[in-house]
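Put chain B on the given structure of chain A with help from the hints.
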Amino acid sequence: MAITLEQAVTGIKSPVTTPRGLAARLRYLTQSDGGREAMARAGITVKPETVDNWIEKKTVPKRGNLEKIDAAYWDYRRRNLAKEFKTRLNDNGRGTEIEIYPVDQSQVEQKYKRDIQIRRKNIRGTLWNAVVDAWVEGDEDALDVCWDEVLNELDSDYDSYTYVTAVGFGV
Amino acid sequence: MTSPLRTVGALATAAAGLSEIAACVPDSQEPAGLDESVRLAIKALLDGTGESITKLAEAIGLDRPKTSRRLDGKTGWTLSDCERVAVHYEVPAIALFAGPFAAYQLLPEARRRPSTVSERFLIQHYGLALTDFVATYLPPGFPAAADRAAAEAPVQPEPAEAPPVPTAPQAPAAAEPAPDEEAPARPAPVEAAPAVPAPTAPDPGPGPDPVTAPVPDQVSVGVFPDERYLALDLGPDGRPVPAEEAPCLRCGVPTRHRIGGEPRHLGGMCSPTAAGAAAPSPDDRPVKLETIEPPASQSELLGMIHKRVDEEARRHQGEVKPALAALTKDALIDATALFLRSRVGARYEHTAHPPSLEILRKPAQNKPDQIWEARPNWRNEALIATLRAADRRLIERLDINGAYLSALKAHLPIGQLHHNPDGTYDPKHAGLYLITPPVWNHPHLPNPLGNRDEPGPLWITSSTLRLLLRLAGPKMGALCEKPVIHESYTAYASENLLEEFRVVLGRARQDAIDSGDDLTLEYVKDMYSKFVSTMGESAKQRKIHRPDWMHIIRSQAFSNLWIKGHKLHLAGVQLVAMKGTDEIHVIGDWRSVFAEGRKVTEVKKKESDFAVGGE
Numbered sequence: 000m001a002i003t004l005e006q007a008v009t010g011i012k013s014p015v016t017t018p019r020g021l022a023a024r025l026r027y028l029t030q031s032d033g034g035r036e037a038m039a040r041a042g043i044t045v046k047p048e049t050v051d052n053w054i055e056k057k058t059v060p061k062r063g064n065l066e067k068i069d070a071a072y073w074d075y076r077r078r079n080l081a082k083e084f085k086t087r088l089n090d091n092g093r094g095t096e097i098e099i100y101p102v103d104q105s106q107v108e109q110k111y112k113r114d115i116q117i118r119r120k121n122i123r124g125t126l127w128n129a130v131v132d133a134w135v136e137g138d139e140d141a142l143d144v145c146w147d148e149v150l151n152e153l154d155s156d157y158d159s160y161t162y163v164t165a166v167g168f169g170v
Numbered sequence: 000m001t002s003p004l005r006t007v008g009a010l011a012t013a014a015a016g017l018s019e020i021a022a023c024v025p026d027s028q029e030p031a032g033l034d035e036s037v038r039l040a041i042k043a044l045l046d047g048t049g050e051s052i053t054k055l056a057e058a059i060g061l062d063r064p065k066t067s068r069r070l071d072g073k074t075g076w077t078l079s080d081c082e083r084v085a086v087h088y089e090v091p092a093i094a095l096f097a098g099p100f101a102a103y104q105l106l107p108e109a110r111r112r113p114s115t116v117s118e119r120f121l122i123q124h125y126g127l128a129l130t131d132f133v134a135t136y137l138p139p140g141f142p143a144a145a146d147r148a149a150a151e152a153p154v155q156p157e158p159a160e161a162p163p164v165p166t167a168p169q170a171p172a173a174a175e176p177a178p179d180e181e182a183p184a185r186p187a188p189v190e191a192a193p194a195v196p197a198p199t200a201p202d203p204g205p206g207p208d209p210v211t212a213p214v215p216d217q218v219s220v221g222v223f224p225d226e227r228y229l230a231l232d233l234g235p236d237g238r239p240v241p242a243e244e245a246p247c248l249r250c251g252v253p254t255r256h257r258i259g260g261e262p263r264h265l266g267g268m269c270s271p272t273a274a275g276a277a278a279p280s281p282d283d284r285p286v287k288l289e290t291i292e293p294p295a296s297q298s299e300l301l302g303m304i305h306k307r308v309d310e311e312a313r314r315h316q317g318e319v320k321p322a323l324a325a326l327t328k329d330a331l332i333d334a335t336a337l338f339l340r341s342r343v344g345a346r347y348e349h350t351a352h353p354p355s356l357e358i359l360r361k362p363a364q365n366k367p368d369q370i371w372e373a374r375p376n377w378r379n380e381a382l383i384a385t386l387r388a389a390d391r392r393l394i395e396r397l398d399i400n401g402a403y404l405s406a407l408k409a410h411l412p413i414g415q416l417h418h419n420p421d422g423t424y425d426p427k428h429a430g431l432y433l434i435t436p437p438v439w440n441h442p443h444l445p446n447p448l449g450n451r452d453e454p455g456p457l458w459i460t461s462s463t464l465r466l467l468l469r470l471a472g473p474k475m476g477a478l479c480e481k482p483v484i485h486e487s488y489t490a491y492a493s494e495n496l497l498e499e500f501r502v503v504l505g506r507a508r509q510d511a512i513d514s515g516d517d518l519t520l521e522y523v524k525d526m527y528s529k530f531v532s533t534m535g536e537s538a539k540q541r542k543i544h545r546p547d548w549m550h551i552i553r554s555q556a557f558s559n560l561w562i563k564g565h566k567l568h569l570a571g572v573q574l575v576a577m578k579g580t581d582e583i584h585v586i587g588d589w590r591s592v593f594a595e596g597r598k599v600t601e602v603k604k605k606e607s608d609f610a611v612g613g614e
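These protein sequence lines are chains A and B, in that order. For what it's worth, numbering that gives the first Met the number 0 labels the leading residue of the first sequence as 0, then goes sequentially. For what it's worth, numbering that gives the first Met the number 0 labels the leading residue of the second sequence as 0, then goes sequentially.
Rather than coming from a laboratory, the hints here were simulated on the basis of the structure. Hints are not guaranteed to be accurate.
[As the list claims (entries may be wrong)] As a list, the in silico DSSO-like pairs of lysine-lysine whose alpha-carbon atoms are at most 30 Å apart:
id: 1; chain 1: B; residue 1: K427; chain 2: A; residue 2: K110
id: 2; chain 1: A; residue 1: K82; chain 2: B; residue 2: K328
id: 3; chain 1: A; residue 1: K67; chain 2: A; residue 2: K110
id: 4; chain 1: A; residue 1: K85; chain 2: B; residue 2: K539
id: 5; chain 1: B; residue 1: K605; chain 2: B; residue 2: K566
id: 6; chain 1: A; residue 1: K85; chain 2: B; residue 2: K542
id: 7; chain 1: A; residue 1: K85; chain 2: B; residue 2: K73
Chain A with its partners taken away, still in its complex shape:
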């Protein structure tokens, strides 16, 4: 699920090392309190004047700070997208259906192969919120807990889906 969410993340394409990419990231990060918090989280400890100088192109950030700006940008971007994702996945209470693709058995000896079907399951808002939150925080344990919830709802043969190849859904 995290992989599918990750694939849905879009943002500034120019790399942070280009003036254009840097300016766009700084603009995104400095136009709200959340952005400044993200910069602090990423470990950018420079004075506010220094950031102003970066924006006005008087000075250029050091390499280490460039990487931190990039990290802060993507972190903040994910957080903002998470809100949108939650709305979309919740779909006014309808939820979004996921397709669960079973584990890849191509390397398994024929006699041990099991017939595992693709399963579809509609997931509703609360669980999606938990999934998206866990994804934003990069919390794999929380994601595992969410997956257990999904398995819980699968009813039959849920044990076969503890490990899967992919989970597909439209976000």
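Chain B alone, transformed into the frame defined by chain A:
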């Protein structure tokens, strides 16, 4: 000032909730169990404070779905739940057992939500308090109809804001049928409205389909169209003029009120019965069975298209341009809905979001993936050279009608593509193949693989592969060698996944051409072209993500074009060029092969021909 329409609408909803609560008050006709009384008490508190279920859920430490289930009576409230609810609403826990009215009365004044839809309005206009209004004016069976309307139209113009009535002794009267012996007794609250349709609501024939056959004359209480809002005849004191009891013209249930001198219930609040007959007795009430969505008929799918066109045409008063703009905006959503509807009840359930393959991944948004769709872009250079030297000849430009529409009939893999490391080919499968292309030695026919500059193996789709294998076969005169397959990603295929969708769009297109309906024609065109182009990777299309289908459909269109070109070639027509999805330039009598017209089986001539030679 709240408009009268809205006020009554809100009241109607309030009354619906009220009746459910009232039905369970211990001294009503059919007392309910303790479970039910706790449930309704909590509902009353929730409603009385105007809190959301989510907030209540948080306060009592349950999640929202669980709380909802408890509120709906699907699960019971445990004693510890009750305790927490009581603490949350600052009422004694015992109040919950005493039923909704007691609970509501014990709710601290500060927690009650302000009553914005005013009783004042009612008192001003009818000289009545809310309870009296409900008891006096609403015909029996009305609350059940309101429940249904509320379920069907969850978005009210204004949410119900009148709180449950605090005066308990009067409330049971709300649930009592109006003075009328024939009116059915209220059903026990456990099997309330959802299970049993409104007693006065007519049910035309068996199995009303919510999608296809909306009951035309059913009164939707939540909507209140103006013409249904009729004021009662009022006396000089502002109160309704009392009159003899007579059957309502609309629903047949006796009423004391008059509208314009005729015995009628307050406008729109009762459901009409056939010929004003009396309401059916409880035993005659049709049982509402749970319905499974039946497969869509072709006419239903066609109806989906026409309905949208009619809507927009009406909204823009027949002006084509803005109507088309609105339709274009929604074409993709509508096409997806049409496709999904067409798959209901179908044999195969396709997968919509399979894990993406490396070869289908685009390196950047505007860079292509590794699949070669074999788009033709060919000029018959040898022929053109000889033509230049010869006399002036006219080249005609032909256009294939609805090329992408026809290409929807393609063998599409149903499920996830599986890797196949050897070169086997199974005609029952479709997908992507890595092949070494065969040599092509026919200067007057385009290479079926298009203009490929790079030598060596390439990934093609099953549409192109099928064409190559056909050309290598004896029927086509073995025009080339069989391509060598190295590996493939395939899945079991069906040619019918988009068949219904294609047939319906094709019919809508043809009907539109026959009747000169440009609006529908453009809309249909938009539907299928957008559907195909976004099914791969698009932020606009979230219901289906099948880049493999998109490639297969496109190369099917190119393959169809090649076959048409070949047909012309066999009939002695000289091919000058073949380009894009639907364009062939020819010299010769093409009309002996294809009829000229706008059907998908016919060929259209582009306006401008051009001449070559005679220089």
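Can you name, in rising order, the numbers of the hints this structure does not satisfy? 3
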